[in-house]
Every structure is written in C-alpha cells, then in structure tokens.
Amino acid sequence: MQSLEKIKKSIFSLIILIFLIISFFVFKFALQKEKIYSPKISENQIFTDFEVVGLVEEKQINFSEVLTGKNFYLINIWSSWCEPCKDESEYLLELKKNTPVMMIGVNYKDNKKNALNFLKLYGNPFDQIFIDKQGTISINFGAYGVPETFLINEKNKVLKKYIGPLNDKDVYEIKNITNN
Amino acid sequence: MTRMFMKSKILLTIKILIIFILISFNLKNIGVASTFSEEQTINITKNLRCLICQGQTIHESNSDFAESMKKYIKGEIENGKTDEEIFSSLVEKYGQWIVYDPGMSKNTFLLWTLPLLLFLIGGAIIANKILKKV
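For the protein sequence lines, the chains are A and B, in the order given. Note that the numbering used here has the first sequence beginning at 6, numbered continuously upward. Note that the numbering used here has the second sequence beginning at 648, numbered continuously upward.
Isolated chain A (complex conformation) (with noise of 0.2 Å):
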C-alpha cells in the first residue's frame, strides 16, 4: 500500500517536472523570437478604394486609377524631415533606373515647399507623388510610418513590405522579382 503511493507521488513529480522542462524550453525560444511586430503580408492586398492628392499638381484621383498598366508598383513613404529617407533616396534612384516598377511616392506628413526641395536636393525617383498630410492615406496600406516601402504586384497583393529604409540586400531582392 505505501509502495503504491510512493509510486504515485513519484510520477506526479515527474509530471511537474516535466512540465517545467517544456515551459523552460518555450520561454527560453519565445524570448528569443523577434519582438518587433509586423504582419504576415503574402494574403494583404492593398486597398485601393480612396482619394490621393498629387504633390505636384494637387489633383484629387481614386487610388485604384494609379495602380494600372504595369506589373509592378513600389509604394514609398517618405518624408523631407525623414533622416534615413536621405540615404535611402540613392537606393530609391537605382531601382527607378534598373527595374520596370513604377515608382509612386507618398509624402507622410509634410509641406510643400520642404518636399519639392527635398527632391531637387536628393534626386525625383517616382513617377508619381501623392500627399498624406494626416498620415491616414499610409493606414490605407498598412504602414506604420516612415520610411516604408510596399512592393505590390499587378492584382494589388503586396509581394514585399519593408519597415525602415531600403538597404541593399532588399535593392537586391526587388531587382531580382521585378526582372525576372
């Protein structure tokens, strides 16, 4: 009688420990997972169903009427107070010149005069700029803020998103989607 419950108690010990060994090795993989938070965008397809304002000559157009006649289209939001969108301007320029995308800028929270003139210092790498002066034309597509990039294909499905400026590596991987 005392043999069976020791046996018990032993393998309940045995369980807890068990357990504790499991939930040791979650926590332990779970912290270290990436922390930074960002969507599973290969389902997202970009919303095209509102009003955008040009930069340049202020016309009022429905989104969905920009996003037509190519295979491939960059979405970037920038901004002339935007430090890394200055580094990543020379990216921006270089995949203008090396791809068929079609460039469509947004200027995120900005004014005019400071944007034109960011332009003309940095380089013009879009074919199109369009305003967001509230930030809520970027929640349109998802962004968080600036600088962003959106890579979205010729049904409006987001292939590539990426947070922060555009380095090499990412340079690289547009190339290779848009070239091939």
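Among these hints, one or two may not hold up.
Ranges between beta-carbon positions, derived for each pair [claimed, not checked]: (1) E739/B / W86/A: 27 to 33 Å; (2) L25/A / G702/B: 35 to 41 Å; (3) T704/B / F24/A: 32 to 38 Å; (4) P749/B / K13/A: 15 to 21 Å; (5) V31/A / E714/B: 20 to 26 Å.
With a Cα cut of at most 30 Å, we get these calculated DSSO-like pairs of lysine-lysine [stated by the list, open to error]: (6) K13/A / K779/B; (7) K102/A / K162/A; (8) K114/A / K102/A; (9) K718/B / K693/B; (10) K162/A / K75/A; (11) K38/A / K174/A; (12) K779/B / K33/A; (13) K14/A / K779/B; (14) K740/B / K117/A; (15) K718/B / K166/A; (16) K718/B / K114/A; (17) K740/B / K75/A.
Which residues of chain B face chain A? A few of them, derived with a C-beta cut under 7 Å, are [stated by the list, open to error]: (18) R696; (19) I699; (20) F712; (21) S715; (22) Y719; (23) K740; (24) Y741.
Simulated from the structure, these hints should not be mistaken for laboratory data. Even glycine gets a Cβ: it sits at the ideal position worked out from N, Cα and C.
Add chain B to chain A, keeping to what the hints say.
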C-alpha cells in the same frame, strides 16, 4: 425723448438676447454632433493596440502613428462605417495584434482553450482529493 431712448434700449436688449440664444443653441448642436462621433472614436481606439508604442492603446498614445489612426477612424465613422467594419479592415491591414480582443483562429486557439483546460484539470484534481477524503 426718454421714452424713445428706453424703447430703443429694450429693443437692443431683446436683439442681443435673441443673438445670444441663437448662438448658444448652435453651439449646443455642434457639441452634440461632435461628441457622438468622438465617443465612438474613443470606444474604438481604446480597443486598438498602438503598434509602435507597446503597452498603450491608440487612445492613450500621442505618437504620430496613434494620432493618424485616430483621424483615420474618425473619418471612417463619418463615412458611415460600423465599428465591426473598422475593426475587421484594420485587422486585415495590421493583423490580429492590433486588436485587444483577438478572435478565435488557428493562431489563438491555445490562448482561448488553455485556461479552460487548466481550470478543468485543476477542478478535477481538487474534486478527486475531496472525494478521496470523504
């Protein structure tokens, strides 16, 4: 002369009163209109996570992202969108993480069922012990 003066004074007072009443009515109406959509905006933003400032709701945060989100939601409400529509479109754009009340899905399955399971197991252990004693 004094009677004329008195009359014009009374007339002026009435005019001022009418203007005052009109203005106050209008102000009241503006107040009602804005508080309704504001209340709805607050209700929604209190249930949204600020993605770039962890631990805060969109309502509490003053970050650039949160401020834009508040304006966006206010615009959506003014366009006649319901709370459900706004939540689901934001989940589609930003993922489940943006809402404080994640729905049941294959990723959140454990989150919903584990507490219930632990509760049942705990209950079973306690019941077992009590029954044994009796």
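Distance restraint evaluation - L25/A, G702/B, Cβ atoms, bounds 35 to 41 Å: With a Cβ separation near 28 Å, L25/A and G702/B fall outside 35 to 41 Å, so the hint is violated.
Measure nothing beyond the straight line between the CA atoms of K740/B and K117/A; if it is 30 Å or shorter, mark the hint as holding. Holds, because 28 Å separates the two Cα atoms, which is no more than 30 Å.
Could you grab the alpha-carbon distance between K13/A and K779/B and see if it respects the 30 Å cut-off? Holds. K13/A to K779/B sits at ~14 Å (cutoff 30 Å).
Run the distance test for K102/A versus K162/A: straight-line Cα separation, threshold 30 Å. holds (23 Å)
If you take the shortest Cβ to Cβ gap from K740/B to chain A, is it below 7 Å? holds (3 Å)
Does K75/A sit within 30 Å of K162/A, going by the straight-line distance between their CA atoms? This hinted pair holds, its Cα atoms lying about 13 Å apart.
Holds or violated: K718/B and K166/A, Cα atoms, limit 30 Å. holds (24 Å)
Using Cβ atoms only, decide whether I699/B comes closer than 7 Å to chain A, and label the hint accordingly. holds (6 Å)
Under 7 Å, Cβ to Cβ, is where F712/B needs to be relative to chain A, so tell me if that hint holds or is violated. holds (6 Å)
Holds or violated: 27 to 33 Å for the Cβ distance of E739/B and W86/A? At 30 Å between Cβs, range holds.
Satisfaction of hint between K174/A and K38/A, Cα-Cα up to 30 Å: holds (22 Å)
So, as I understand it, the hint says Y741/B touches chain A; can you test that by seeing if any CB pair is closer than 7 Å? With a minimum Cβ separation of about 5 Å from chain A (threshold 7 Å), the hint on Y741/B holds.
Hint violations for this structure: numbers 2, 4, 5, 12, 18, all remaining hints satisfied.
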